[in-house]
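*Asks:* Sequence:
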Amino acid sequence: MSHSASNFIALKTIWIKECTRFLRIWVQTLVPPAITMTLYFVIFGSIVGERIGEMSGVGYMEFIVPGLIMMSVITNSYSNVASSFFSAKFQRNIEEMLVSPVPTSVIIAGYIGGGMARAMIVAVIVTCVSFLFADIQIAHVGYVVLTVVLTSTLFCLGGLINAVYGKTFDDISIVPTFVLTPLTYLGGVFYSVSLLPEFWQKVSMANPVLYMVNGFRYGFLGQSDVGIGVAIAVLVGFNVLFFGVAYYILEKGIGIRS
Numbered sequence: 001m002s003h004s005a006s007n008f009i010a011l012k013t014i015w016i017k018e019c020t021r022f023l024r025i026w027v028q029t030l031v032p033p034a035i036t037m038t039l040y041f042v043i044f045g046s047i048v049g050e051r052i053g054e055m056s057g058v059g060y061m062e063f064i065v066p067g068l069i070m071m072s073v074i075t076n077s078y079s080n081v082a083s084s085f086f087s088a089k090f091q092r093n094i095e096e097m098l099v100s101p102v103p104t105s106v107i108i109a110g111y112i113g114g115g116m117a118r119a120m121i122v123a124v125i126v127t128c129v130s131f132l133f134a135d136i137q138i139a140h141v142g143y144v145v146l147t148v149v150l151t152s153t154l155f156c157l158g159g160l161i162n163a164v165y166g167k168t169f170d171d172i173s174i175v176p177t178f179v180l181t182p183l184t185y186l187g188g189v190f191y192s193v194s195l196l197p198e199f200w201q202k203v204s205m206a207n208p209v210l211y212m213v214n215g216f217r218y219g220f221l222g223q224s225d226v227g228i229g230v231a232i233a234v235l236v237g238f239n240v241l242f243f244g245v246a247y248y249i250l251e252k253g254i255g256i257r258s
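Note that the UniProt record's numbering gives residue 78 to position 78 of the sequence shown, counting from 1, and the numbers run on in steps of one.
Because the hints were derived from the structure by calculation, they are not lab data.
Honestly, I wouldn't trust all of these hints.
As the list claims (entries may be wrong) - For lysine to any residue, the following SDA-like pairs were computed, each having C-alpha atoms within a straight-line distance of at most 20 angstroms:
no.	residue 1	residue 2
1	Lys12	Pro101
2	Lys167	Ile249
3	Lys252	Met97
4	Lys167	Gly255
5	Lys252	Tyr165
Work out the full structure: start from the sequences and follow the hints.
*Replies:* Structural data, given as structure tokens:
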């Protein structure tokens with residue numbers, strides 16, 4: 001068997017294991033995002049949206065749909081890899097994988113594939129839910145796919161890095177609570193940054209989630225608070241950075257090998 005063929009089998013095995021893991025408990029992994037996003041649509045879209053009217057020239061419900069989909073993608077990409085990799089580390093079976101002939105990049109890709117699969121399924125579910133509340137038109141399908149793939153990959157890598165450094169199960173919940181949630185809510189999901197005072201507009205530009213949400217919104221609505229080229233460049237840059245960090249710490253066994 002060729003080296004590439006064996007690597008593909010390893011990649012497929014990790015990916016299937018990861019997918020089986022979250023599909024086996026689909027009531028806990030796929031249903032809650034649908035319920036949560038439905039509540040967002042009802043409260044922010046229907047109730048609050050009626051009073052706001054329009055945002056950036058479109059109905060408020062249509063405006064928040066891309067942001068809510070992206071928020072679910074971010075949360076599920078991160079949590080799937082963080083919990084799965086930390087469980088493997090906690091049970092000490094990740095060491096067997098690291099000492100095997102499987103390249104580090106294949107291991108990382110396998111976990112990314114699992115996290116991305118869950119994120120994409122959730123994204124489809126939330127999108128279907130949004131059709132019940134808003135008339136959704138996709139302006140640029142290519143940008144929708146590109147931004148959601150890059151964002152999902154980025155937070156899968158973030159979840160893996162956090163799992164490597166986490167000492168307890170509580171540690172992998174610190175980042176979502178104190179980092180992801182504030183960045184997401186301040187990332188333009190529910191408002192346009194053009195409404196903010198000039199100073200806070202500049203501060204918002206330092207929030208990477210802003211570029212993810214607006215890149216995705218551009219794919220749906222054809223408009224964005226930031227240039228689409230800048231948004232894609234930021235996503236690619238962070239992906240390269242996070243992959244480099246993840247590759248380095250796994251190669252060195254940081255946080256794993258005692």
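*Asks:* Hints first: check each against the structure and report whether it holds.
*Replies:* Each hint tested on the structure:
This hinted pair checks out: Lys12 and Pro101 have alpha carbons roughly 15 angstroms apart, not beyond 20 angstroms. Proximity of Lys167 to Ile249 is assessed by CA-CA distance (about 15 angstroms); at most 20 angstroms being required, the pair is judged to hold. About 14 angstroms separates the Cα atoms of Lys252 and Met97, which keeps this hinted pair within 20 angstroms; it holds. Distance check on the hinted pair: Lys167 and Gly255 sit about 8 angstroms apart at the alpha-carbon level, within 20 angstroms; holds.
A C-alpha spacing of about 13 angstroms is found between Lys252 and Tyr165, which places the hinted pair at or below 20 angstroms, so the restraint holds.
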